Amino acid sequence: MPANTPKVSPVLQALIDKGLLDSLPRSFAAFCFDQMKDWDLLFPAERSYFERLFGLLDRSSGPVVERLFQPLRELEPKMGMNEKNWPRGQFTLEQVDFLNRNPYYPEWRAAVAQVFSQLDPVLDADAARNGHARLVIVIAPAQLPADPGRMWTRFQGRGKRVEIDAPERAEEFLPLLLTGEEQGRRAPTIAHLFASGKKGGAYASWIVEAGAGVSRLGPEAGAVVKYSYQSLGQYRKRLMKEVQSVVDAQEIAGPRQLSARLRQMKILASEGDLAHDPILAEFARAILLSGNGTLLINNTFVEWAMVQAVRRARPSVAIVGFGIRNKVKPFSSLLIYADQDASNPIPSQMDTLGSYVDLEVFYQYVWQEFEKYAEYRNNTAYLFVGDGMEEMLAIAPADFPLMTAAGPVKLPAVFGHLKDWLSI
Amino acid sequence: MMRLTKRRFVQLAGLSIANRILPGPLMAQERVKGRSNKVIVVTFGGGVRYSETFAPEGLQNIPRLVALREKGYFFQSCINSGVLSHFNSTASILTGNWQRVDDFGFQAPAGPTLFEYYRKQSGAGPLDAWAVATNKSFASMGWSSDRSFGQPYGANVVLPKQLLLEAVQEVVTRGTAGGVANRDDVLRRLEGVLSEGYEGIGWTIFQAGRKLDRQVRETLVRGLVEYINGPEAPTSGDELTFFIAREIMREFAPRLILVNFWDMDVAHWGSYSLYLNAITRTDRLTGMLWEEIQTNQSYKDKTTLLVLPELGRDGDKNAANGFLNHRSGDASCRNTWLLAMGTAVPPGQTERPVHHVDVAATAAELLGVKAAGLAGKPMPELLL
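For the record, the sequence lines run as chains A and B. Residue numbering for the first sequence follows this note's numbering, beginning at 1 and increasing consecutively. Residue numbering for the second sequence follows this note's numbering, beginning at 1 and increasing consecutively.
Just chain A, same shape as in the assembly (with noise of 0.2 Å):
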């Protein structure tokens, strides 16, 4: 066993000192021993999947575990794989390196898709036996220019488009839609209802959005977690500030060292309150600075933010707002950590065009994200809606009331059926 052994929970922990992982190849036991080396900082998903998976193996007789992982154990060395260059528990860039260019790499990727096609089964029909429904309800802005006919246009044939009674007065319709009442009620969201209900809990209900406006409905105090592009504006200055200074002064001799400094760029408790909590201010981190322009684009963020909670967190409820980002100012390609408002006085605009187009790839991503795993296949209803719009486009099993629903359904009457959907 390496000495920089991982702190794991008990049930794993006796896993390891019955030494099964020194048993797997080097590659797959490098990997997991990367993957739960900040076990404190992992959700409890992520816990119960590496115990579910360890168990797995550890319950399964000797020939079979050696059975599965002997294309890949015989695969190790012709890629030269050694304890030089493969330490036992270390799986760095440089690994990550080593693979790329290995010209092995196409065949141990499909011997490592190999290995979890036999046991992603088996820990899958376990998801599925503790099944719950579950809710995933997909906001567009309001100024975007399109109506329902062109919406969801990549998926929409797998759904229906149900007729809305939209309120007046336009600035209640998500209120209505996720609390049932008027914004001045401060009514608790969906999210805000499951997460205090027997099924719910610390990490069970999202809102991942590009302004605040969800978030800042129903009350504040809560289990639900948020994460909105506009409330971490502060944030995000900073590390793009940070970011830019490291590269300037050109300290950081490599990717390994400046994803070591990366690291150390946590958020503060004047920040944002997800500081208070290890586990969300990590994810925070990870989200902002290991993400393709999520420092830069609010509905990046909110798309990578939802698919990483998505497969670390398995939220059963997750409220996901996108927004209207901005035009591309002159130069800006070549400023990607600098204020774009500082460096350009020429006024932002909306980009409504350019967002439309982005957010049709974006819904097809996040629903694909849930659907990739057990707990979200045939137990989930996906609502896809405009802010404001008279028709929203729902995926969901046969039972979901507003499958069968017919004529326009006032707002109220949809927040209802996702009660009665929960169970709540």
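Do not take every clue at face value.
Stated by the list, open to error - Here are the computed lysine to aspartate or glutamate pairs in the DMTMM-like style, where the Cα-Cα straight-line distance is at most 25 Å:
#1 Lys-136(B) to Asp-126(A)
#2 Lys-317(B) to Glu-46(A)
#3 Lys-78(A) to Asp-102(B)
#4 Lys-317(B) to Glu-369(A)
#5 Lys-317(B) to Glu-107(A)
#6 Lys-136(B) to Asp-97(A)
#7 Lys-78(A) to Asp-330(B)
#8 Lys-160(A) to Asp-316(B)
#9 Lys-317(B) to Glu-375(A)
Said to hold, decoys possible - Listing some non-contacts, in silico: residues in chain B with all C-beta distances to chain A over 10 Å:
#10 Asn-88
#11 Lys-120
#12 Ser-145
#13 Arg-147
#14 Ser-148
#15 Trp-269
#16 Gly-270
#17 Ser-273
#18 Gly-287
#19 Gln-294
#20 Asp-316
#21 Arg-327
#22 Glu-351
#23 Lys-370
FYI, nobody ran anything at the bench for these hints, they're computed from the structure. Computed from a prediction, not measured in an experiment: that's the story for all the values here. Just so you know, even glycine gets a beta-carbon here, dropped at the ideal spot from N, CA and C.
Starting from the known structure of chain A, fit chain B onto it as the hints suggest.
Structure of chain B alone, referenced to chain A:
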């Protein structure tokens, strides 16, 4: 004001004018009789998927290439079987062997580039082979680490966008009125950076080539002026790449050029619309490059243009994050296309798969150069 040494200039400003201290011909020489007098390789750097280009739903993004396809030879399947990083992909195109060097460009290509084969065998001068690219790591793209070739036979490498970056950052740092919206100020800084860096290089490595220095510098400045004062706001690094490449063609008429466009790598930002806009812009600039070939007497009727994506990008259904990345190794990442244009190129197309490494082998044949030990094979369709 920042002092630019040669090392800093090459690393940061990204301009490397190779081998100008060598004796020999200064202007383009044409000692080797090849099938095609000149070869220009254009890469859609950063990577682009079939689905946004030559797939039926992508044709609207590339109207110029679609029109050119009728006149050229189209390889429906050009496969990148190598490492799916930018440097290794382009290095594979240029060397004819799959490159697996350091991803961040700290290593030069491991085997001789087409530039080196061409210059060593033909005796062509240093101004006869150019690479106009964008990414800073491409400063190492002009020549390989092979000791029997290397820098003495390498290409000039110009990274216009890195010059722009230096200038724009300087404008921002100084906080002048108008910021980067002030085109005159940006242009002054561009020229300033070019002068500081170039003079520094000149003093360091030139024994007798000062005049040549000035010629190169003036050529590059002309490209900068056209770019900054163009009819549209100068937002695109690729437009600058185009103007610089065109000036190099007009001034030096090199026989071998790599033009590596890059704007579409904005896909990493996660904006599909910006990615599509960049593709369409690169399509337009490639069309303009072909027009330059058709109107420039040094190139007309004696040039083969090879256009191909450096790599693809991840498919929409991939486990990564779709068009944002190019790390999955799926078909969307590896399967691209290649369009060949030229007087000697017969119109047509084929389903026969070719590979990125075949480009160097084919270009070598076109230039009349013998390149040994290449994994790539010449494309007979272009060697009639």
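Hint by hint, here is what the structure shows:
1. Lys-136(B) to Asp-126(A): Measuring from Cα to Cα gives roughly 49 Å; hence the hint is violated.
2. Lys-317(B) to Glu-46(A): 23 Å, holds
3. Lys-78(A) to Asp-102(B): Given pair Lys-78(A), Asp-102(B) holds - Cα atoms ~20 Å apart, limit 25 Å.
4. Lys-317(B) to Glu-369(A): Holds, at roughly 9 Å.
5. Lys-317(B) to Glu-107(A): Holds - the C-alpha atoms of Glu-107(A) and Lys-317(B) are around 21 Å apart, at most 25 Å.
6. Lys-136(B) to Asp-97(A): Given that 25 Å is the threshold and the Cα spacing comes to 19 Å, the pair holds.
7. Lys-78(A) to Asp-330(B): 22 Å, holds
8. Lys-160(A) to Asp-316(B): 23 Å, holds
9. Lys-317(B) to Glu-375(A): 19 Å, holds
10. Asn-88: 7 Å, violated
11. Lys-120: The claim stands: Lys-120(B) keeps its Cβ more than 10 Å from every Cβ of chain A (closest is about 27 Å).
12. Ser-145: The claim holds: Ser-145(B) sits with its nearest Cβ about 15 Å from chain A, beyond 10 Å.
13. Arg-147: 22 Å, holds
14. Ser-148: Non-interface label on Ser-148(B) holds, nearest chain A Cβ at 24 Å vs cutoff 10 Å.
15. Trp-269: 3 Å, violated
16. Gly-270: 3 Å, violated
17. Ser-273: Contrary to the label, Ser-273(B) does not stay out of reach of chain A, its closest Cβ about 4 Å off (not over 10 Å).
18. Gly-287: 22 Å, holds
19. Gln-294: Since the minimum Cβ distance to chain A is about 30 Å, Gln-294(B) lies beyond 10 Å and the statement holds.
20. Asp-316: 7 Å, violated
21. Arg-327: 8 Å, violated
22. Glu-351: Fine: 22 Å to the nearest Cβ keeps Glu-351(B) off the interface.
23. Lys-370: 26 Å, holds
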